[in-house]
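**Student:** Dock chain B against chain A, hints included.
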Amino acid sequence: AQTVTQSQPEMSVQEAETVTLSCTYDTSESNYYLFWYKQPPSRQMILVIRQEAYKQQNATENRFSVNFQKAAKSFSLKISDSQLGDTAMYFCAFRNNAGNMLTFGGGTRLMVKP
Amino acid sequence: DTAVSQTPKYLVTQMGNDKSIKCEQNLGHDTMYWYKQDSKKFLKIMFSYNNKELIINETVPNRFSPKSPDKAHLNLHINSLELGDSAVYFCASSQATYNEQFFGPGTRLTVL
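As you go down the protein sequences, you meet chains A and B in turn. Be aware that the first sequence starts at 160, since it is given in my numbering, and climbs by one per residue. Be aware that the second sequence starts at 88, since it is given in my numbering, and climbs by one per residue.
Since no wrong hints were added, every one of them can be taken at face value.
A short, non-exhaustive set of chain B residues, derived as facing chain A with CB atoms under 8 Å:
hint : residue
1    : K128
2    : L130
3    : I132
4    : S135
5    : S181
6    : F190
7    : G193
Listed next, the in silico DMTMM-like pairs over lysine to aspartate or glutamate satisfying Cα-Cα at most 25 Å (straight line):
hint : chain 1 : residue 1 : chain 2 : residue 2
8    : B       : K128      : A       : D185
9    : B       : K123      : B       : E169
10   : B       : K128      : A       : D245
No lab work stands behind these hints: they were computed from the structure. Think of the CB as a built atom: it goes at the ideal place given N, C-alpha and C, for glycine as much as any other residue.
So here's chain A without its partners, still in its complex pose:
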């Protein structure tokens, strides 16, 4: 079974600065998908970014980018120019190629300070 680990339960960053959230996973598969979801206080789950394991290029979405290290099984999220609205729980998630179900990490609570 796959496992996803987020080693930082809480983090804080000053507005306009950059922060990196860590995620590692364990799998024996070679093809899979990785995601970062954001859960603000409203508790809505919002997809931030996704990465296909067969793609070497790191995904980017505006201020959000990932550092995908397949050999190390690492998938970190970098948030540039942090905004107050980025304050939320962030979840890393894994999906294998065969199934549809997501396996989530334990989450990182990010606080952006003014």
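**Tutor:** Only chain B this time, still in chain A's reference frame:
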């Protein structure tokens, strides 16, 4: 134009009762899911369902059962509610050939 909706958003009930949470998606997706988020914010898959197959997480008690009247709906029925069932339950949907899952707003269930 809500993509995935759930009702109710809050549900407070007594131990031993039976309750249902409804989920509807208007995205035309063919696969729907239920997730449970516990008090420590840990999210875990409960079910995955499309018109061909129901996949059940083996850790889910059989008091929980998904019911799908059609492709756009996947309701969660819970029998004999227990205190430990208190959590936020999320419905999600995806198109099997596309990987992104869209989540509903969640239902906070409190069992007293």
